[in-house]
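Those sequence lines, one after another, are chains A and B. Quick note: to get the numbering used here, add 489 to the position in the first sequence (first position is 1). Quick note: to get the numbering used here, add 489 to the position in the second sequence (first position is 1).
Calculated directly from the structure, the hints in this document are not laboratory data. Glycine included, C-beta positions come from ideal geometry on N, C-alpha and C. Hints are supplied without guarantee of correctness; some may be wrong.
Unchecked claim - Here are the simulated lysine-lysine pairs, DSSO-like style, with alpha carbons at most 27 Å apart:
(1) B:Lys504 - A:Lys635
(2) B:Lys784 - A:Lys628
(3) A:Lys628 - A:Lys504
(4) B:Lys713 - B:Lys628
(5) A:Lys695 - B:Lys628
(6) A:Lys713 - A:Lys695
(7) B:Lys523 - B:Lys589
(8) B:Lys695 - A:Lys628
(9) A:Lys504 - B:Lys628
(10) A:Lys784 - B:Lys713
(11) B:Lys635 - A:Lys695
(12) A:Lys500 - B:Lys695
(13) A:Lys523 - A:Lys504
(14) A:Lys523 - A:Lys628
(15) A:Lys635 - B:Lys628
(16) B:Lys523 - B:Lys504
(17) B:Lys635 - B:Lys523
To be verified - Over the 10 Å line for every Cβ pair with chain A, so calculated as not near, a few chain B residues:
(18) Asp573
(19) Leu582
(20) Lys628
(21) Glu670
(22) Arg758
(23) Thr902
(24) Leu920
There are 2 protein chains.
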Amino acid sequence: LRRGAFAQVRKIVNKTHAADLSVAFRTISPYDQKKLFSMIQDLEQKGLVFSELDEDIFLRIVEDLRVDEIVDILDTMASDDVADLMERFPADLAKEILRKMEKEGSEEVEGLLRYDTDTAGGIMVPDFVTVREETTAEKAIASLQKEYIDVEMPFYLYVTDDYDRLVGVSSLRQLVVVPPETPVRDFMTRDVYRVSTDMDQEEVAKIVARYDILAVPVVDEENKLVGIITVDDVIDIIRREATEDMFKMAGVGEEFVETQSIVKSTRIRLPWLFASCLGGVLAYFIIGRFEASLKQMAYLAAFIPVIMGMGGNIGTQSSTIVVRGIATGRINIRDLWRVVGKELSVGLILGVFYGLVVGAVARITHDQWSLSFAVTLAVMSSMSIAALVGSMFPLIFARLHIDPAVATGPFVTTSIDILSVFFYFQIATVLLNL
Amino acid sequence: LRRGAFAQVRKIVNKTHAADLSVAFRTISPYDQKKLFSMIQDLEQKGLVFSELDEDIFLRIVEDLRVDEIVDILDTMASDDVADLMERFPADLAKEILRKMEKEGSEEVEGLLRYDTDTAGGIMVPDFVTVREETTAEKAIASLQKEYIDVEMPFYLYVTDDYDRLVGVSSLRQLVVVPPETPVRDFMTRDVYRVSTDMDQEEVAKIVARYDILAVPVVDEENKLVGIITVDDVIDIIRREATEDMFKMAGVGEEFVETQSIVKSTRIRLPWLFASCLGGVLAYFIIGRFEASLKQMAYLAAFIPVIMGMGGNIGTQSSTIVVRGIATGRINIRDLWRVVGKELSVGLILGVFYGLVVGAVARITHDQWSLSFAVTLAVMSSMSIAALVGSMFPLIFARLHIDPAVATGPFVTTSIDILSVFFYFQIATVLLNL
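Same shape as in the complex, but just chain A (with noise of 0.2 Å):
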């Protein structure tokens, strides 16, 4: 940001989309970055801009803002952003901003914060269309021009009866096909998708995505309509749903750490990697009990890399088709036996390969049979091991309810790496007659 520039800028930060914005604050300094936010003049655009900025981006520049300058800007945000952002700020900050916007009447925010955020009662929007059964599509859409003005996307009516309880849902194209007389008791749909407050937003987002709707009902215990919650927030819960289930086997956490400075990854990464360390030491342990046999038979140590690499590896594609297939219903938890049992004979069989081949390799280099015998025996127990554990502990994790995904990752890969170093020692100890 050039001092000669200035006006210049000004007036393309104030045509830019905020999602194209947000990343142009990646790429500049701290200093300029609250410059630029400076420039933005329309308090909906920093709004905006709000919601798409990284959260390290985001403390620096509201830390230099008065409390009334972000009430400002939270007002013209829809509530689940705003929600959404109290989250982000500092907890004494986030108070006396709620205090503010009490003040000013925004029962509507408060009440969004009483839901857990992973909640669909903490990503509904309260910003929706209601009409009674016996309106007529003309009534409903000369309603919409008057009444509705600020909601997001009416593009669904939903139908309540006298106790504000759920009963239907037009959408606003049938309100413009049938004939204007007609009430919307004769040509709404009764059979709606709901979902209650409390329903996690991955189940939210797999019914969304099921049924191809562009937005579901959310309702209380006795069924009144509470909220809606939009397909392109749904959209934002896929993406992220599935950043954090890469994340959470590969022991980065769960949000993205890119943008977070080295101390703050290197804090994220530390403990996930203390399960690998444990079991590398583990198997270190193991190993010194066979320290014998490694004395006559130096070489058995050569092989130790390719015997844990191939359990490593089949070990990884069986948790990842198992992790994957849960989230997205391809596999039922219900069909444990089943899936184990499938993973385990296709790691018997690639086990049954790969065994053979790295036994041809030990047969040509040493001159012994019964050492390529071990090492085939070794690999094939390895595979097969990595397959049935690789695809038995997510299961067994979903079904107790704990996180396949954040699960997995550490302990598959270091249970895999003790067992089968563990095996192939047991195996060519006797074997070799060590």
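Let chain A serve as the given structure and place chain B on it in line with the hints.
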């Protein structure tokens, strides 16, 4: 499917959503699958089930249907779904079906097949609503009621000029809230997000997700509107791409294989394991070169698992962050050195930490400072190399326009295994004077 319950099952089948039915298909025998499909009475419902079925079940069912029947079912479906299905039919059958449909005038479907399936042209639908700039809101609504009854999701009206070129967009909602006599020109948005027919579907998904729109128009080279892509298809793309990336990184192909047979699943996974096998064999030869050192100090071998494991795990962390970062647009491939530099720093810090932990274990179990020092150095170098390789490979592949997910999995783990083992023995030989 017991005999007695036949009539009852038929009733349920015809009332269930196709997405739910397709799940039921997965759990029953091939014979019952055909029976269940024949129970569906509504042709449209059959079409929906077609779209939702897994490939192997789909093939099994169509092999028993006459071409006429298939064509009747396809006629009820949206043309983008038909185009997707055409690729699933055996080639001969597909040709026959197309010939038959052509006679009945389905240029639409043929037109769609012209485009690559992974591009905007391949996933768009030709069902959209267009109006001219001078049309009034009232007339636009009237034409919706008459001409566009069949359009799947008419929430956007695209405005075209005399040459069918896209000049603006209006929403159904705007149409309803402005005074009826206003011409579209006065309230349309001129700044339309649009994509070209040859844009990759992943890019299309990013645009729809980024700007929170419900549909994006597809234009040809002359800016003529040829189709739209709706948000429900985008959701499918996002989910499928995430699955694909995970599967490629784990080396299990691209498509979901769990529903495929054991033999097919084995065939897909076998080649991916070959890289890891080759790497393991190479590591074997490297260790073989140090057999003399190993004979003197057999317990050197006991540290192989922990050194390989720590390297492998941090390498997976780095490559997962980078691959997912590139896919979601959080990492820019031009930032190569910044990203790699950061990962290397994290790798170094974590390497020092875990190096000291493992070194301490070595010191406690063997009264020898030089061994402890060698192990610390080996863990450190293994972890920093792994972070370097794990972050650099995907970025370089992305720059060379090779899918980073597919190239990363086998390459990264294998090269880390080899490098870790090599550096470990090199360091040990020098430090311990072997």
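(message) Please verify whether lysine 628 (chain A) and lysine 504 (chain A) have alpha carbons no more than 27 Å apart.
(response) Distance of about 38 Å is beyond 27 Å: violated.
(request) Below or equal to 27 Å on CA atoms is what counts here, so check lysine 523 (chain A) against lysine 628 (chain A). (result) At roughly 48 Å apart (the allowed maximum being 27 Å), lysine 628 (chain A) and lysine 523 (chain A) break the hint.
(message) What's the verdict on lysine 784 (chain B) and lysine 628 (chain A), does the C-alpha distance respect the 27 Å limit or exceed it?
(response) violated (91 Å)
(request) Would you mind confirming whether the straight-line C-alpha gap from lysine 635 (chain A) to lysine 628 (chain B) stays at or under 27 Å? (result) Judged against 27 Å, a Cα distance of about 21 Å means the pair holds.
(request) Determine whether the non-interface label on leucine 920 (chain B) survives the test: each CB of chain A must be over 10 Å from its CB. (result) holds (18 Å)
(request) Measure nothing beyond the straight line between the CA atoms of lysine 695 (chain A) and lysine 628 (chain B); if it is 27 Å or shorter, mark the hint as holding. (result) violated (38 Å)
(message) Holds or violated: lysine 500 (chain A) and lysine 695 (chain B), Cα atoms, limit 27 Å.
(response) Holds. Lysine 500 (chain A) to lysine 695 (chain B) sits at ~26 Å (cutoff 27 Å).
(message) Between the alpha carbons of lysine 784 (chain A) and lysine 713 (chain B), is the straight-line distance 27 Å or under?
(response) violated (77 Å)
(message) So if I understand the rule, the pair passes when the alpha-carbon distance is 27 Å or less; does lysine 504 (chain B) with lysine 635 (chain A) pass?
(response) Violated, because 38 Å separates the two Cα atoms, which is more than 27 Å.
(message) Hinted pair, alpha-carbon criterion (27 Å max): lysine 695 (chain B), lysine 628 (chain A). Please report holds or violated.
(response) Roughly 38 Å between the alpha carbons, so the hint for lysine 695 (chain B) and lysine 628 (chain A) is violated.
(request) For the pair we were handed, lysine 635 (chain B) and lysine 695 (chain A), check the Cα-Cα distance against 27 Å. (result) violated (35 Å)
(request) Take the C-alpha atoms of lysine 523 (chain B) and lysine 504 (chain B), compute the straight-line distance between them, and say whether it is at most 27 Å. (result) Given that 27 Å is the threshold and the Cα spacing comes to 18 Å, the pair holds.
The structure is inconsistent with the numbered hints 1, 2, 3, 5, 8, 9, 10, 11, 14, 17, 22, 23, although it conforms to all the rest.
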